[in-house]
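Trainee: The chain contents come next:
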Amino acid sequence: MIDNIMLKHLLSNNKLSSSIRLFLIIYVFLFKFNLTYSQTQEEIEYRLKAVFFFNILQFIEWPDTAFKTNESPVVIVVIGRDPFGKILDETVMNEKIGDHPIIIQRVQTLNEIQNCHALFISTSERYNYINILRELKNSSILTVSDIEGFSERGGNIEFFIEDNKIRFAINIDTLNQANLKASSKLLRLARLVN
Amino acid sequence: MKFYNKSSIRVKIKLIILSVCFMAILLVFAGFYIYEMINSRQMLLNDLSTKGGIIAKNVDAALAFSDSSDAAEVLLSLETQPNIRGAAIYDAEGNIFVTYRKENHKIEFPAKPNESEEYIFSENVLTGFEPVYLGNEKIGSVYLVLDLSEQIARSESYIKIGLLVMFGTLIISFIVATLVAKNISAPIVSLAGTAEKIAKLQDYSIRAEKKTSDETGLLVDSFNDMLNKIMERDRNIRETNINLQNAEKRYRTTLDNMLEGAQIIGFDWTYLYLNEVAVKQSRFPREKLIGAKITDVYPGIEDTELFKYMKLCMEERKPHYMENEFIYPDGSVSWYNLNIEPVPEGIFILSADITEEKMLQQELKKYHEQLEELVKQRTEQLQEANSELESFTYTVSHDLRAPVRHISGFLDILRKNISKDLDQKNERYLNLIKEAAVEMGNLIDDLLTFSRTAKAQITLRPVNLNYIVYEEIEKLKPDFEGRKITWEISKLPEVKGDPHLLGIVMCNLISNAVKFTAKKEEAVITINCQDNDDKHLICVKDNGAGFEMEYYDKLFGVFQRLHNTSDFPGTGIGLATVKKIISKHGGEVWAQSKPGEGASFFFSLPKINDN
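Sequence lines, in order, name chains C and Y.
For the first sequence, this note's numbering assigns the number 1 to the initial residue and increments by one for each residue that follows.
For the second sequence, this note's numbering assigns the number 195 to the initial residue and increments by one for each residue that follows.
Simulated from the structure, these hints should not be mistaken for laboratory data.
Since we're looking at a predicted model, the values are computed, not measured.
Please note: incorrect hints may appear among the correct ones.
DMTMM-like, lysine to aspartate or glutamate: derived pairs with alpha carbons at most 25 Å apart [to be verified]: (1) Y:512 - Y:499; (2) Y:332 - C:71; (3) Y:332 - C:61; (4) Y:332 - C:95; (5) C:96 - Y:287; (6) Y:685 - Y:668; (7) C:165 - Y:264; (8) Y:502 - Y:539; (9) C:181 - Y:331; (10) Y:778 - Y:728; (11) Y:671 - Y:606; (12) Y:251 - C:99; (13) C:86 - Y:331; (14) C:86 - Y:287; (15) Y:251 - C:71; (16) Y:685 - Y:728; (17) Y:332 - C:90; (18) C:165 - Y:331; (19) Y:332 - C:89; (20) C:165 - C:42; (21) Y:332 - C:45; (22) Y:610 - Y:621; (23) C:181 - Y:264; (24) Y:332 - C:99; (25) C:181 - Y:606; (26) C:165 - Y:267; (27) Y:251 - C:61; (28) Y:251 - C:95; (29) Y:251 - C:42; (30) C:165 - Y:287; (31) C:96 - Y:331.
Can you build the whole structure from these sequences, using the hints too?
Mentor: Structural data, given as structure tokens:
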């Protein structure tokens, strides 16, 4: 059966003929109200976000000091209520960023973090993410979140939804401050925020 | 291939040069063309692949984040590429994400990217997929369509140029070939032409012209050399032929004109040649003989001895000479001396007609036989007569002797008795009677001796002639007592003969010499010898009265006296006796004389070798 994520992709495809599009819309509608269907919309959303998150990491360059060796793992930390669940693990399973394997940690407080390269701040931290950001001021940790206004407030990358599509905004200044570089290809696709 | 074989050297050279040039050019051109094609294809592919890679690299984010507009914009950068007709980006599931078409080309993008992701050269386009990676994961592919028409046009012009070049080269090589071919083939063609001319005209005095110093020149030299040799050989052959012809003419003339018949019979027993004489001898016309088998012309010849020798000569090449009695079919007979010789063609027979001679021979033989018979008869008769005569002579002499001795003896007694009463006239008469009686007695003695010698068998013994001579001289001494005789006696040989008879010979000859020198004051009697290889030659010579050679025939005859008894006494039998005795010894007697100048008597005795 066609995955909902794929459905979304398909729907966003300009090339599809209108009839098929219609069919798909009906299909989606039908399945949207099928409660026996396992996946919820939230799940779909965070599946996509997980993919995006992972993808984004591919376009980020950390400073040399961030890794001991080439084979040192990239440490992803999810702080707050984990919206991904095993989805993130599935997405990054057996994947590498460059030569770096990926480790996912879940924490509730910053203190738990020993080493981190990318930090996903859950919406559960909506009210104290500024503090987190402040703590991380001098580090080279990529901060990603889907909290509204994250990127304007000092976060590096913010997920938002526009036209039924997941998009992201990038704060270049904070990126520079964190000594992180983002590929122009990524920047091209993002809404830039300073 | 037949065409090539039949064409001239010049054409061959041209063909070779042309085809070599053509193939060389073709190969070079083809090589370059193929290299160019492959290379350019490879380059196009690499180029396209590179571009695809660049696009892929630029589009990874757009694909990762499903930003189709960004992806489309990236594709738009392909507008700068005039040959890229279109492109498409496929997502991870293989669905088309975005597409790009240049100037509204009608392109059908494949629904899904193929598994192998090869670059494929189709009719006008090169198409292929380039994967888009994010990290290690393939998140989609880029599909590019490259227009090859420029490429095709280029390769077409390439071929056109190549063809042009080839054509130009062919023309040039054709010109070169023509020149070269002519240069090489001309001397060969010339030589060939000369050879043909010589063969056609049979004129071996023509020579080829040497134009080059290469192998062809060598060929020309050798060719001319051979011609020289041929001409010489020709000359020699002509000479030899003339000589042979002349020789044959000579032989023919000889054969045709000689007295003997000449024929040649071949190995198949046919007549190959007959001269006129042979034809005549054959008793057949020439037409019947030439080419016919001898066994057909003379049936039955196979059984003759002649045929046997002919066959021997034919097979074992043995020559034969024979006298042949040839019986003709009509029964007539001729005799021939035949010489059968082997010749290369068969056998050669020389036939000389000896029929006449043979006939004469046979007649002669007959007469000879008859004569022999006659002679035998006569001899018998003579021998009979002779022996009768001898017996008669002996008997008469012997019987006559006694009464003569009586007369002589009693005359002596009477003279002794009446010597006182004899007057001169009567004494003379008595002496005359005594002389007559003595003469008669001598004659009878001589006759007896003669007949005895006639009867006697001689026994051959070595005889010392000197001894016999001295003996006889001694015996005759009383007859020439008081006379002056000079004896010149040389060493005489020892002969083989009857000593008694030889004594009689010497006695007679010496006594004759003594007798006939009686009137000479000083007599010289010479006895010598002149031997030769097979005869003893004894000579008794005196310087006496001699005799006329006119009467030589009578000299050795019985009772032949050439002188008066009064001049020279003697019976006349002496020499006949000598002749008889010497004849019995197998020798001869003869004499020489001139009246008044003495006589020489010779006798020969054969030298008997009893080794």
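Trainee: Check each numbered hint against the structure and report the violated ones by number, ascending.
Mentor: 25, 29
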